[in-house]
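Enquirer: Keeping their order, the protein sequence lines are chains A and B.
Heads up: take any position in the first sequence, counting from 1, add 2, and you land on this note's numbering.
Heads up: take any position in the second sequence, counting from 1, add 28, and you land on this note's numbering.
Just so you know, these hints were derived from the structure itself, not from any lab.
Please note that the accuracy of each hint is not assured.
[Stated by the list, open to error] Pulled from the structure, derived: some chain B residues nowhere near chain A, Cβ distances all over 10 Å:
| hint | residue |
| --- | --- |
| 1 | Gly87 |
| 2 | Met101 |
| 3 | Val106 |
| 4 | Thr134 |
| 5 | Tyr178 |
| 6 | Leu191 |
| 7 | Ser195 |
| 8 | Lys219 |
| 9 | Gly254 |
| 10 | Leu295 |
| 11 | Val299 |
| 12 | Ala315 |
[Stated by the list, open to error] Listed next, the stretches of chain B that the computed footprint assigns to chain A, with coverage defined by at least 3 CB atoms under 8 Å from CB atoms of chain A:
| hint | stretch |
| --- | --- |
| 13 | 110-124 |
| 14 | 135-141 |
| 15 | 304-313 |
Even glycine gets a Cβ: it sits at the ideal position worked out from N, Cα and C.
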Amino acid sequence: MVLKNPKLARVAKGARLELVPLQVLVPVVSTIIALGIGLLIITATGASVVEAIEAFWDGMAGSDFNIGASINRAISLALVGLGFIFASRANLTNVGGEGQIAMGGMLATAAALHGAGGLPLGLAFIVPLAVGTIAGAVWGGLAGFLKAARGTNEVISTLLLSFIALPLVYWSVESFHLLRKPISDVSSLPESAEIPDSTKLPLLFPDNGSPLHIGLLIAAIAVVVVWLVLKHSTLGLRLRAVGLNATASRRAGMRTSFYVILAMTVSGGLGGLGGAIMILGQQFYLTSDFSSGYGFDGLVVGLLSRGSAVGVVIGALLFGFLRSGSINMEISAHVPSAVVLICQGLIVIVIAGSAILTNRKVTR
Amino acid sequence: MIDEQMAVFIGSGLRLAVPIIFAATGEMLSERAGVLNLSLDGMMLMSAFTAALASWATGSPLIGVAAGVLVAMAVAAVQAVLSVTLRANQLVVGIGFNILALGSTTFLYREIFGPLSRDPIPGFAQLNLPWLAHIPVIGPALANQTGLAYVSIVMVVVTWLILKYTSFGLAVRAVGEDPRAADKAGISVAKTRYLGVLYAGILAGFGGAFMSVADSNTFTENMTKGAGYLAITAVIFGGWNPWYTLAACLLFGFATALQFLVPALQLDVPVALLLLLPYLLALVAIAGFVGKSRQPSALTIPFERGG
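Sequences are here, hints too, so could you generate the full structure?
Expert: In structure tokens form, the structure reads like this:
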């Protein structure tokens, strides 16, 4: 569309020029500031900053194993983040990633332990992945249904659903008739038995000791698909329309309820897939707190990305490497990994607080 | 034996309810003004830690409580600036604060009290508020409560009176239902919301401080264990009414205490199902399947003058 009036055209161009860099600038600057504060805190503890950074770097990328482990973390975060931006395209805020991961991981474990192990042609891990995805989709879709049918605020419902999912996982690993492994003479911890080898995700580089698995390819496909749907499809446009003005969309003949439920179902499904990949790819057995923190980390990744699939990838890698680095920093340099939590909290707060800069549109 | 168990159950149910009563009561008022503080859990956790630290450093739990409340108020003030003045997404800001609170309290706890120490902090066992010993015995369960527990009930009454009979309460309700009309009637939406959030911060501070200096006499990492979320849940389940919210808090307290009673009575009910019960009830309530629970119209929606 070409604006005839040159003055108007200049205004429109100026607005666009101003908006795009800010959307990139704000997350980058807040991340740098937060990491700077993290460094200051490390200095304040009297720990050697050089030693801390060395340990941090070593944990992130010191070996093939550590790089693989960091990327494996990023995979699940990216899937939750993609789910977040998918829902937010329809102006829905899915804060229930934690619960969707939990349901996905729990049911993927159940599928892997009961029946999927003997399936041929890679179905042994594909079926549990699908089961986990469906479990997350149902958990997210439930919030979408409540929103569409009862007008329930999806933020509150996804949060409540998370707090319902976590005890369910706890229950499943506490109960022998569910997923808890039989008491052996070795241990009787409340956790599931290890999943069969055939259900574990195949490694990409089995020869060099890297734990990197094919979840990377799954996540890459998900990134491309979500990007295509959100940016280049009618569906993406309709989700946006429903999010911007549900009443107008309904008058234009769209079934808004359908799109609300769809957005939340897909969003939850991506979280469920992330949870399934965590179990099948690296943890191999279910514990009651296996999802701990991943849901909120994924949410932060989604936020940082400001709706862009590429942004999700960058954010997920950043947080995946940060997590790995912080764990090693605690072990080797004795700097509490909680420093990274402080940085993450600051990043979220600063970005949320500066939304007023990036969303200049007039609210009515 | 059963009587004794019941007394212990009632006592622990009340004890578990007190922090939620504090936090939920303040949060209820703030939500009536249209601001949802998902950061409640973070405020409580920061207050619990600060109260433990200050009480440990000065030897006075009263100073501990005061310090805890001040820190929670400071968090609330920043939350108010972000969600009222800067019109940030209240939920996202809240989650950010909770991550920050968990990180900073865990970090400071390890730096000050030693890495991964789960032992009671030395000297804390004697830090019971001295004037509590003289509170008249009402019943075996009630007698075992600390003074702060009674304050929590007083705050419910005070909050109810504020909402119902003061001009500030009227302003809160107006701002939460229709900020534009309230603004046109000359009520400052921003000021009312700031006060609402600060009020929530003060009470969340009391709730958090109760956990560390009045209840357990220690601090443990992430000791609120989601109590702030439970308080928000209680507000929803209580339909934004002070008395129903109090009832919801008591229900949640007893539901949590059931997990200790059920194994003692050798009943075959999974503890996990008791843990999720409050959230399930709240979900059913907010979905509108039970009774009429309607949230304030302007809840979580930032207000901008003019336009």
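Enquirer: Does each hint hold? Answer for all of them.
Expert: Hint-by-hint comparison with the structure:
no.	hint	verdict
1	Gly87	26 Å, holds
2	Met101	17 Å, holds
3	Val106	8 Å, violated
4	Thr134	4 Å, violated
5	Tyr178	29 Å, holds
6	Leu191	21 Å, holds
7	Ser195	29 Å, holds
8	Lys219	19 Å, holds
9	Gly254	7 Å, violated
10	Leu295	15 Å, holds
11	Val299	7 Å, violated
12	Ala315	5 Å, violated
13	110-124	holds (count 10)
14	135-141	holds (count 3)
15	304-313	holds (count 5)
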